[in-house]
Amino acid sequence: MEDFFRELAADAPRWNFIWMYDDRQQGKVLAGLWMTIKLSVLCLIFSVLIGLVGAWMQGARSAIVRAIVQGYIQFFRNTPPLVQLLFFYFALGQFTPVVTGEDGWTVEPIISNVGWAVISLSFFAGAFNVEIFRAGIEAVPESTVEASESLGFSRLQTYIYVVLPLAFRVCLPALNNNLVNLVKTTTQAYAIAVPELLYHSVSIWNDYPSAQYPTMLMLFFAYIILVAILVFGMSRWERSMKIPGYGT
Amino acid sequence: MTWTSDQPIISLKEVHKSFGDLEVLKGVSLDVMKGEVICIIGPSGSGKSTLIRCINALNDIQGGSITVEGQEVHDPDLDKLELRKKVGMVFQQYNLFPHKTALENVMMAPLKVLRQNKAEVEARARALLKKVRLEGKEGSYPGELSGGQQQRVAIARSLAMNPDVMLFDEVTAALDPETVKEVLVTIKDLAAEGMTCILVTHEMGFAREVADHIYFTDRGVIVEHGPPATFFSEASDPRTQEFLSQIL
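Residue numbers (the numbering used here), protein chains in the order written: chain C, 1 to 248; chain U, 1001 to 1248.
Derived by calculation from the structure, the hints in this document are not laboratory data.
For each residue, glycine too, the CB sits at the ideal point set by N, CA and C.
Among the hints, erroneous ones may be present.
[What the hints assert, rightly or not] Computed beta-carbon distance windows for the label pairs: (1) C:Pro141 with U:Arg1133: 20 to 30 Å; (2) U:Glu1144 with C:Trp34: 39 to 49 Å; (3) C:Ser235 with U:Ser1018: 41 to 51 Å; (4) U:Gln1116 with C:Pro141: 19 to 29 Å; (5) C:Ser235 with U:Trp1003: 49 to 59 Å.
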């Protein structure tokens, strides 16, 4: 296998699949892939949590709370995620505390670039999730909520046990789309030097221009697989939540 | 003031309720003693449903007072949970939780609201489903049950909270004629056991049979009331006579 790609690189100089036979380059690809997966999973979890809490806060009595959520959504939905990333890392990063290393002179910010990428991308996708969950919540009949209240459930209990389980089923397709987008948007963390898959790929083809086409191919392939796994998982989940006799 | 059972369990005094400019209840007063069965009849839009929704604080009121076991319902400091433990409600559209089985629907409130022991709750829920003649349907989802069956699950669900009073809001209005009877039989059983019941209904034959007292409402006021024996034969108000002549 390795010999095949070595020969291919010799015969066709533009098709140097270097990470198929060079351990160092292969290590970069795997490290990048792993970082992309970690970034995606963390952002998925946090953005869904932000969506749930935000949708809950949108139903709050206080007009101030609702205005804060609305402001958050407008800001994160209407500005480019790349600009948000740069802003979080370069602007807000300035004001976060630093810790001094054991050697006494190196300083590390308390939130690394990876940390900022997770925060920024989670808030970005979270803004869409709030709106997605809100649409699902609005699809739950008011009468079902009243029935729950008349049984003595508090607003929070009604939200957790009745509204969310029903809303989830309605908004899964939209949530699915947004999470697919989120996985792809993690590539933008490249801009703040988060060593994810795109970052390592670019560094590979900067060092070995002959590996550019193969590495680009690999990138497409990798994201197709990653998204396919996510979509597969989501549709399994959707099927498992299907209620006999309910909806379509 | 502590409530004793020789006082009305529910007492409405000069209740006024408006939706915006529309005054729906224009000074309604009525008393219900423990163990009594009250039927409220009247044309659509006369405020019947609003009236019983005010009793368990699903609607607020603009004037007058409503007490349940001596406790003012529209006191801002009211513990709504305490109220709703005392007052069970069944709706026209059943309003079951579609994502839970019949058994889970009945168990949910005692488990989550009262935090009772699961084994005990389950035993009680099974007994209640048996009581409403739904043995064998424990594992069915609401979408798999007929309207009459769903409504009986809803009755069992309310009873699981051991209420002192049951409110029935046109519970047979959405049912097929052949399933109306099975629900009415269930309510009749309850009344026979001494449950205090307030029903909004269009089933005159049923009202005549089970009610201790019948109230006729029109345009937000109680026009007249009396025990069924005299109410149907000796109605004196022209509005009552007109209404009865249309439906009897």
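* To do: Run the structure past the numbered hints and jot down the numbers of the failing ones, going up.
  => none
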